[in-house]
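Sequences listed follow chains C and F, in order.
All residue numbers for the first sequence refer to the working numbering, where the first residue is 1 and numbers rise by one.
All residue numbers for the second sequence refer to the working numbering, where the first residue is 1001 and numbers rise by one.
Calculated directly from the structure, the hints in this document are not laboratory data.
We treat Cβ as the ideally placed atom computed from N, Cα and C, and that holds for glycine.
Keep in mind that a hint or two might mislead.
[Said to hold, decoys possible] Derived pair list, reagent style EDC-like, types lysine to aspartate or glutamate, alpha-carbon separation capped at 20 Å: (1) C:Lys-321 / C:Asp-335; (2) C:Lys-275 / C:Asp-33; (3) F:Lys-1196 / C:Asp-118; (4) C:Lys-197 / F:Asp-1053; (5) C:Lys-82 / C:Asp-346; (6) F:Lys-1101 / F:Asp-1151; (7) F:Lys-1056 / F:Asp-1019; (8) C:Lys-122 / C:Asp-152; (9) F:Lys-1102 / F:Asp-1200; (10) C:Lys-13 / F:Glu-1193; (11) F:Lys-1196 / C:Asp-201; (12) F:Lys-1121 / C:Asp-201; (13) C:Lys-197 / F:Glu-1193; (14) F:Lys-1196 / C:Asp-54; (15) F:Lys-1320 / F:Asp-1345; (16) C:Lys-314 / C:Glu-325; (17) C:Lys-19 / C:Asp-54; (18) F:Lys-1313 / F:Asp-1345; (19) C:Lys-197 / F:Asp-1348; (20) F:Lys-1325 / F:Asp-1348; (21) F:Lys-1102 / F:Glu-1193; (22) F:Lys-1287 / F:Asp-1334; (23) F:Lys-1102 / F:Asp-1117; (24) C:Lys-329 / C:Asp-339; (25) C:Lys-122 / F:Asp-1348; (26) F:Lys-1076 / F:Asp-1111.
[Claimed, not checked] Non-contacting residues of chain F with respect to chain C, defined by C-beta distances greater than 10 Å in every case (computed): (27) Phe-1040; (28) Gly-1079; (29) Thr-1144; (30) Phe-1161; (31) Glu-1193; (32) Thr-1209; (33) His-1258; (34) Ala-1275; (35) Gln-1300; (36) Lys-1306; (37) Lys-1313; (38) Asp-1345.
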Amino acid sequence: MASAATDTATSVKPTPALKDELDIVIPTIRNLDFLEMWRPFFQPYHLIIVQDGDPTKNINVPDGFDYELYNRNDINKILGPKASCISFKDSACRCFGYMVSKKKYIYTIDDDCFVANDPSGKPINALEQHIKNLLSPSTPFFFNTLYDPYADGADFVRGYPFSLREGIPTAVSHGLWLNIPDYDAPTQLVKPLERNKRYVDAVLTIPKGTLFPMCGMNLAFDRDLIGPAMYFGLMGDGQPIGRYDDMWAGWCVKVICDHLGLGVKTGLPYIWHSKASNPFVNLRKEYKGIFWQEEIIPFFQTAVLPKDCTTVQKCYIELSKQVKEKLGKVDPYFDKLADAMVTWIDAWDELNSTSGGAKLPNSRSK
Amino acid sequence: MASAATDTVSARPTPALKDELDIVIPTIRNLDFLEMWRPFFQPYHLIIVQDGDPTKIIKVPSGFDYELYNRNDINKILGPKASCISFKDSACRCFGYMVSKKKYIYTIDDDCFVANDPSGKPINALEQHIKNLLSPSTPFFFNTLYDPYADGADFVRGYPFSLREGIPTAVSHGLWLNIPDYDAPTQLVKPLERNKRYVDAVLTIPKGTLFPMCGMNLAFDRDLIGPAMYFGLMGDGQPIGRYDDMWAGWCVKVICDHLGLGVKTGLPYIWHSKASNPFVNLRKEYKGIFWQEEIIPFFQTAVLPKDCTTVQKCYIELSKQVKEKLGKVDPYFDKLADAMVTWIDAWDELNSSSGAARLPNGRSK
Chain C
1 MASAATDTAT SVKPTPALKD ELDIVIPTIR NLDFLEMWRP FFQPYHLIIV QDGDPTKNIN
61 VPDGFDYELY NRNDINKILG PKASCISFKD SACRCFGYMV SKKKYIYTID DDCFVANDPS
121 GKPINALEQH IKNLLSPSTP FFFNTLYDPY ADGADFVRGY PFSLREGIPT AVSHGLWLNI
181 PDYDAPTQLV KPLERNKRYV DAVLTIPKGT LFPMCGMNLA FDRDLIGPAM YFGLMGDGQP
241 IGRYDDMWAG WCVKVICDHL GLGVKTGLPY IWHSKASNPF VNLRKEYKGI FWQEEIIPFF
301 QTAVLPKDCT TVQKCYIELS KQVKEKLGKV DPYFDKLADA MVTWIDAWDE LNSTSGGAKL
361 PNSRSK
Chain F
1001 MASAATDTVS ARPTPALKDE LDIVIPTIRN LDFLEMWRPF FQPYHLIIVQ DGDPTKIIKV
1061 PSGFDYELYN RNDINKILGP KASCISFKDS ACRCFGYMVS KKKYIYTIDD DCFVANDPSG
1121 KPINALEQHI KNLLSPSTPF FFNTLYDPYA DGADFVRGYP FSLREGIPTA VSHGLWLNIP
1181 DYDAPTQLVK PLERNKRYVD AVLTIPKGTL FPMCGMNLAF DRDLIGPAMY FGLMGDGQPI
1241 GRYDDMWAGW CVKVICDHLG LGVKTGLPYI WHSKASNPFV NLRKEYKGIF WQEEIIPFFQ
1301 TAVLPKDCTT VQKCYIELSK QVKEKLGKVD PYFDKLADAM VTWIDAWDEL NSSSGAARLP
1361 NGRSK
C-alpha cells in the first residue's frame, strides 16, 4: 500500500458503497424500529428480513426501505422438507437470508443493535467499515504489530516478510459492540453491570490455525467466498441448545477459511448493543453448550480437511462427516446437526445453482 | 476474573516490583531521555550497556541507581565468549539481560519518550508492562474483546471455560506512537508517515503465529524466557543489522509456543522521537530482506523435541537447526548458530545457582 512520498492524512480512497452487491440480513421476532436510526446508512441497500416466530404476526418495515421478508411459512414453502435445517424461535434462522440472497456480500445485524459513536462523537458507519475490511486483504500468516497494515496511516512493520504483504482475500469481517458485551450466561450472572466502554481502534486478521468466538450481531462476509459455510446450526425450538448458532458457524468458517486460504478479520466497526438478554434464560439455552464446547473446540482445533476439498461445499460436507464421526458420540444432537449441515448444503446448491434454480416466490417484497 | 455484582472502577493497584525488575538501556550517545522518564524509572535499577567507543564517558543523570558496562567490561567479564555480543549495534543490550539478577527486564531505546494517552495523560509504560506480565496469556483461542483480564472486559460468549485460566506470560511487547518501526523500503516510500493511532488493547499472540518483535519498548520475565532473548550478531563485522530483535522474537515465540508460555503485544505506547536514516537502514537490512524469506519458513516449521523442557535446551536445539537448515543460505548463519551456543554457555556461567563470579564493575552507583 505504498503511497507517494508526500503522505498526507486526507488522501483516503473513498470506500465503494456496493449498493447493488450487498444485502443486509436481519432476523426479527419483534419489530424493526431500530432501522430508523440506521436509515442514513442502510436505506440504499436491499434488506432481507427473516421473520422468526409466529408467521401470522405482521412485522412492519419502516417506509422507504427496499426489502424482501420471509416468515416461517415462506421458508417452509421455499425449502420444503429441507426447511428442517432452518432453526425456529432462534435468531439462527437468519442464515436462511444468506441462502436466498443473490448478492456477493452479506451484512447481518441484530434488531437491538444501534449506531454507535466513535470517541470523537461521530456516528459510526458500520457498513462502510465492513466493506473496507472485506475489500482489503487479510494477513493470517504473520502477525502485524500495527494491526491492519492496509489502514490509513499504518503499514507492515520492520521484520514483516515482503512475500506475505499481498495478503489473501478476506471472507469475513467480524465487528464488535459497545455497551452490552456479548458474554455467556455465567459471566452475565456474575457481572450484570459490566459495559464495554473500550473503543479499540483496530482491525486485525485472526491468524491461521486460531479459532475465535464469532458473534452474529454485527457481521459481514463475502457470500461468494464463504457463504455455504455460514450455516447457523440447529437451535431454538425442539433443540437442546441455543446461543451457539454463530459460534458453530464461526468455528466451521474458520477451519474452512484456513484450509482454502481465506481471511477472517475482527475489530472495527463497533455498533451499540442496547439490549441485555436475560441471563437466566440464557443459561437454560447455553447449559449444554458449556459442557459440549469443551469437546467441540478440540474437535475443530484438530480438524483436517483433505486436499481434494477445494470448494466451500466440499469442505463443509467433509466437516459434517467428521462431526458425525467424532461428535456424534458426545450427544445424538450432533448426528442431527451433521445431517442438517448436509441438508443446508443441498438447499444452498439448489437455490444457488448457476442454471438459475427456482426464483423465490415472495409477495412481501418491496 | 469475577468481580462483585457492583462492578465499579475497582482496579487493583499494580505492584511496583522495584526490587524485581531491571531496566536495560543500550546507548552510544547520551541518556538525556531519562529525565522525562524519571517519575517512572527512578525507583528502579538501571543496567546501561554502552556501545561503541568505551573511552567515551556516558553521563547518567543523577539520582538513578545503575550499573554501566562498556565494551571493555563486556570483554573482561565474558572473555572469549564476548564474541557473541554485538558491537556498534543496539543488539549489545542483551548483555544487560545476561548480567541482571532480577526476575523481570524492561528494555527501552534512548530515543523513546513518555507518550500521552488520548486523554492527555502521560503513560506509565512500565506499569502497563508489569500488568501484562503479571496476568496470564491466552494463546489457544482468540478473545474478540482482546485482554480478558483488563478492567471492564472479560472472555466473550463461546470462549471455552477450560481455557480461561490462561498460561504464564513471558513477554510484553509494547508499541510506539509517532515514528513507526518501519523497514528501510517502507521508510523510503513513506518518510512522513507517523503512527497516530492509539489502539487501546493488549492481546496475546496466538500459538503458532510469529510476529516481528521490536526491542524499543519490551519487557519480559527473565526467569521464564531470558536465555532465549539473545539479540544475535549484528553491527560491526557482521553482514546485517536491524534484525537483532527480530531474530530474538522468532526464537522466543517458537520456544514460548513449545513450553506453554505467552507473548502479549499492544499497550503500552511510548513516543518514538527519532527517525533513523533510511539509506543507512537499507544498507544494514539489505541482506535481511532476502534472508527473512528463508528465515520465516524455517521458524514457522521448526519443531522442538519433547525432551527440550528448559529454555536453554530449546535454544541449543534451535541453534542446531539453524546451522543445519539456514547454514546453506549463508555462512553467517553458521556463525550465528555458534554464537547462540556461546550465548547460552555465557548465560549459564553467569547465572548458575552456585553463585558464579560476581561481576566486577567500578561504574555502578
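Hints, one by one, checked against the model:
1. C:Lys-321 / C:Asp-335: The hint holds at about 9 Å.
2. C:Lys-275 / C:Asp-33: 14 Å, holds
3. F:Lys-1196 / C:Asp-118: 16 Å, holds
4. C:Lys-197 / F:Asp-1053: Distance of about 51 Å is beyond 20 Å: violated.
5. C:Lys-82 / C:Asp-346: Status holds; Cα separation ~8 Å.
6. F:Lys-1101 / F:Asp-1151: Not satisfied, since the Cα-Cα distance of roughly 32 Å exceeds 20 Å.
7. F:Lys-1056 / F:Asp-1019: With a Cα-Cα distance of about 30 Å, the restraint between Lys-1056 (chain F) and Asp-1019 (chain F) is violated, given a limit of 20 Å.
8. C:Lys-122 / C:Asp-152: It holds: about 18 Å lies between the C-alpha atoms, which stays within 20 Å.
9. F:Lys-1102 / F:Asp-1200: 29 Å, violated
10. C:Lys-13 / F:Glu-1193: With Cα atoms ~17 Å apart, Lys-13 (chain C) and Glu-1193 (chain F) stay inside 20 Å; holds.
11. F:Lys-1196 / C:Asp-201: 11 Å, holds
12. F:Lys-1121 / C:Asp-201: Cα-Cα ~18 Å, so holds.
13. C:Lys-197 / F:Glu-1193: 29 Å, violated
14. F:Lys-1196 / C:Asp-54: Not satisfied, since the Cα-Cα distance of roughly 51 Å exceeds 20 Å.
15. F:Lys-1320 / F:Asp-1345: 15 Å, holds
16. C:Lys-314 / C:Glu-325: Satisfied, since the Cα-Cα distance of roughly 17 Å is no more than 20 Å.
17. C:Lys-19 / C:Asp-54: This hinted pair is violated, its Cα atoms lying about 31 Å apart.
18. F:Lys-1313 / F:Asp-1345: 11 Å, holds
19. C:Lys-197 / F:Asp-1348: 47 Å, violated
20. F:Lys-1325 / F:Asp-1348: 26 Å, violated
21. F:Lys-1102 / F:Glu-1193: Violated: Lys-1102 (chain F) and Glu-1193 (chain F) sit about 38 Å apart, past 20 Å.
22. F:Lys-1287 / F:Asp-1334: 15 Å, holds
23. F:Lys-1102 / F:Asp-1117: Violated - the C-alpha atoms of Asp-1117 (chain F) and Lys-1102 (chain F) are around 29 Å apart, more than 20 Å.
24. C:Lys-329 / C:Asp-339: 15 Å, holds
25. C:Lys-122 / F:Asp-1348: 56 Å, violated
26. F:Lys-1076 / F:Asp-1111: 29 Å, violated
27. Phe-1040: 23 Å, holds
28. Gly-1079: 32 Å, holds
29. Thr-1144: 5 Å, violated
30. Phe-1161: Non-interface label on Phe-1161 (chain F) violated, nearest chain C Cβ at 7 Å vs cutoff 10 Å.
31. Glu-1193: 5 Å, violated
32. Thr-1209: Its Cβ does come within 10 Å of chain C, the nearest being 4 Å, so this is violated.
33. His-1258: Per Cβ check, His-1258 (chain F) is outside 10 Å of chain C; nearest 15 Å; holds.
34. Ala-1275: Nearest chain C Cβ is 13 Å from Ala-1275 (chain F), so the label holds.
35. Gln-1300: Given a closest Cβ separation of 8 Å, the condition is violated.
36. Lys-1306: Lys-1306 (chain F) is indeed farther than 10 Å from all Cβ atoms of chain C, at 18 Å.
37. Lys-1313: 25 Å, holds
38. Asp-1345: Label holds. Min Cβ-Cβ 27 Å, cutoff 10 Å.
Checked against the numbered hints given earlier, the structure breaks hints 4, 6, 7, 9, 13, 14, 17, 19, 20, 21, 23, 25, 26, 29, 30, 31, 32 and 35 and satisfies all the rest.
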